[in-house]
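Residue numbers (my numbering), protein chains in the order written: chain A, 1 to 279; chain B, 1001 to 1533; chain C, 2001 to 2183.
Straight-line distance between alpha carbons at most 30 Å, and here's what the computed DSS-like set of lysine-lysine pairs gives:
no.: 1; chain 1: A; residue 1: K152; chain 2: A; residue 2: K226
no.: 2; chain 1: A; residue 1: K253; chain 2: C; residue 2: K2087
no.: 3; chain 1: C; residue 1: K2091; chain 2: C; residue 2: K2162
no.: 4; chain 1: A; residue 1: K243; chain 2: C; residue 2: K2178
no.: 5; chain 1: C; residue 1: K2134; chain 2: C; residue 2: K2087
no.: 6; chain 1: A; residue 1: K38; chain 2: A; residue 2: K152
no.: 7; chain 1: A; residue 1: K78; chain 2: B; residue 2: K1493
no.: 8; chain 1: A; residue 1: K190; chain 2: C; residue 2: K2087
no.: 9; chain 1: A; residue 1: K80; chain 2: B; residue 2: K1493
no.: 10; chain 1: B; residue 1: K1494; chain 2: A; residue 2: K80
no.: 11; chain 1: C; residue 1: K2099; chain 2: C; residue 2: K2162
no.: 12; chain 1: C; residue 1: K2162; chain 2: A; residue 2: K190
A few chain A residues that don't get close to chain C, going by computed Cβ distances all over 12 Å:
no.: 13; residue: T59
no.: 14; residue: N158
no.: 15; residue: G166
no.: 16; residue: T189
Source of the hints: derived by calculation from the structure; they are not laboratory data. Beta carbons are placed, not taken as given, at the ideal position from N, Cα and C, and that holds for glycine.
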Amino acid sequence: MTLIKKLITTYIITAPLLALASEVENVNDNKWGLNLSKGVTPFSQDIYDLHMIVLFIVTIIGVGVFGAMFYAMYAFRKSKGAQAEAWHENHVVEAIWTVIPLFILVGIAVPATEALIKMEDVSGSEMTVKVTGYQWMWQYDYVDSGVSMYSKIAESSNFARQRGSGVDPSSVENYLLDVDQMVVLPVDTKIRFLTTAADVIHAWWVPALGWKRDAIPGFINESWAKIEKTGIYRGQCAELCGKDHGFMPIVIKVVEKNEFNRWVALQLENTDTREFAKN
Amino acid sequence: MADSMNLDSGHHEHHAPSGWTRWLTTTNHKDIGSMYLIFSLIMFFIGGAMAMIIRLELFQPGLQFVDPQFYNSMVTMHALIMIFGVVMPAWTGFANWLIPMMIGAPDMALPRLNNWSFWILPFAFSLLLLTLFIPGGAPAGGWTMYPPLVLQTGAAFPFLIFAVHFLGASSIGGAINVLATVFNMRAPGMTLLKLPLFVWTWIITGFLLIASLPVLAGAVTMLLTDKYFGTSFFSAAGGGDPVMFQHIFWFFGHPEVYILILPAFGVVSAIIPTFARKPLFGYQSMVYAVAAIAFLSFIVWAHHMFTVGMPLAGELFFMYTTILIAVPTGVKVFNWVATMWKGAMTFETPMLFALGFVILFTIGGFSGLMLGVTPVDFQYHDTYFVVAHFHYVLVTGAIYSLIAATYFWLPKWTGHMYNETLGKWHFWLSTISVNVLFFPQHFLGLAGMPRRIPDYSVQFAEFNMISSIGGWVYGLSQLLFVYIIIKCVRGGKKASDRVWDGAHGLEWTLASPAPYHSFDTPPDPSTIEGGVR
Amino acid sequence: MAGRKILNRQGINKTAIRLVVTAVIMFGFGFSLVPLYDVLCEVTGLNGKTGVISRQEAKSPGELHEDRLVKVQFVTNVAVGLPWRFKALEKELFVRPGKLTFTNFQATNLSQSSVAGSAVPSVAPSIASRYFNKTDCFCFVVQSLDPNQTKIMPVAFVVDSKIPDNVDVVTLSYTFFKTEEKI
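Could you put the whole structure together from the sequences, leaning on the hints where they help?
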């Protein structure tokens, strides 16, 4: 049992370290990443905290239960001359260990409920982005401005991931997490995301935002994010959607508001030129 | 190999034809039990080989060995085989072997149905495995069969659906048999609250099977008509809803999880008292806890699909019911620890696997609690964190208890002791490697690696490599298990009737190896000690 | 022993038959989940299915909220396999709850053959779908477009005045799927 013991001790020691680790490391490219991303939205913070609270609680319970087990294995061994006793129930003890977990669960449920209510409140949104999943790429429609774009895996990754490509994945920048065209979003803006799909079910997931949401053909799903830090955030499709499910990354680029407006204007100009060319 | 199991019994000469037809037509509960267990062991290695392919491809980033489509087939088939081909048949096998012996009955109540229930299985899996060789390949839409993706399956589609129908029919047959046996063939004096916990957990499992598998059969039937007969149960285009499939599927799927694990609780509740030489703590609360878990399993299904977009009230309801399961599960774990407390423990192989079960299954339970918290599940969902969670509860949970049960009752079945040294090797190799295999997957999931992907970003490379190495060592260690079983069937130290000095229960009052028919005459009521033992 | 076996036969058969019946009932229950689910969706607004009311009902608006405006946003999707372009002619409207409102969509067949399609509505947030009713919609019937034909497709809807206060934006989405049948 010593190895299990060691493993568990390691786990117990690492649990608080996990928190520290993600504090120090970059959200995006952490090698040996151990823990959930703290993310860059108010909601992702809540989720991170909840995650750590529950992890802490189960770790404590684990220490107690496994500690008792290991002590029993050590102290009540026949080889040490232990004599088995014959008792086999104790209603008081049984009642205690039924009721105490109930209280712990209530302690978990309260902050979880608060977080959920916060997440479901989409009111006061300032812009809407519709995300449509395809086999195997994403389409983004900025509903307010009319900008529309497709985003699929970057050619460098797509080439390297073919069998027998001869390319070492570690030589490719952001292997499998790079796209041809990033989604540009403004910072500090409450953005409503509508997810849907055109063929099978996909799921849109950027860990830094704190949630993932299924994209279901025929239906639209609503969620929101207010991103508080500019930067580039990467994610992936999270629902099995066929052959290239592993190869439809998501990359969002969060910029200052005025820069975002400039980008929108530029996109619209380009779209218009293309439309003209068609007619 | 199984043939020799009953050679010494001397009872079967006028009951069964000899040679292979004996196995085809047998209605004996021990023969059928052996066939279930051998079948399950074979499927364990087929499903395991698929897992080895998966870990091979994931050993390093980039696609080296298989195409993404084939990878998805491996993931899908691995799950279907391990669930329907390994764990469920293995529990039915144990039920067949043990329940008549435990309740003092001569055989199962419905022997002919028993034979049919078993023989449907190899047929159904032949159908399923055949799809590996047909154009378009095996099903690749995940064992959860979500539409519309599963409707893109090629020629394998009808094979998949009919295989699932047959597997369901087989399991329902097995469940009816167990329940009919327990309710009608108990020896005089064997009251319900004297039943060993393994029998109790199987009663509840039986009800779960009968209540949930027909729902799955209905769901896949709707898939079939959607694909071939123009209905649109799950197609938005025709007024249906793909999410409805997920609701129906998980209405079956969550009870299914407990179908896989409840008998494990029964096994562990038999092994720990035996080797702690102390009666099981809180027998009645164990029974109630199992019943409570079974009841809750029907009202938590949507926690598998929190991200589909549910109304707030729904998300809250399913979160509360889900985390509530921690209470009865906790009671069971506490009871096992209390059973060990002030006992006189020895650590033979079955006990080692049972203790490994308690610790590692509890770790799986902890991650289960974490997953039940809806807002955090929005991050965990469909990542390797989930993969780590359900492998802790299914591999170090269900499979560990199956291995423990095998070592525990093998001497009773064969009349020989297995090799204890090799058994301990098996335990330590498995336990070290299985943690190397699955523990890092927690980190992978938290760091953002989705499940069911054949290739990954380089930041996940280190933990995947470690996990793969653990996987291969674990896989190879299981060959040792087969060697130990074969060796034990062939010969070894003669086992006494009681086998373990702390063993209690009717099966240990029979000779080792157990006679072909268990209790031709009902046992003496005074030998029935009751379930606390 | 033989006597005991015969005695139990009846009990065994009874148990087995009961369990078989239970299994059959559960098989039926699986199918009954289909209509149950629809009812559930209607009650809870799950999956954003919209309601349909008659023009008559729409004309009696109940209490009109004079000072409240809800932004109704229109989005369009075309499922893979349907060679159409499909867009909303107005991207959004500010509507007064209780008032019948009209808007138009436009679909163009980009292929060289006649194609039929049917539109599936969905409303976000899902809570709003309980308060979102239509009197007329192109989605009520299968639409057919000749090669290169463009068609204007009208919708008339009412946002119920009882819509919760914290809903300030409602999105009405239509997804066009290819229909095999032709009208």
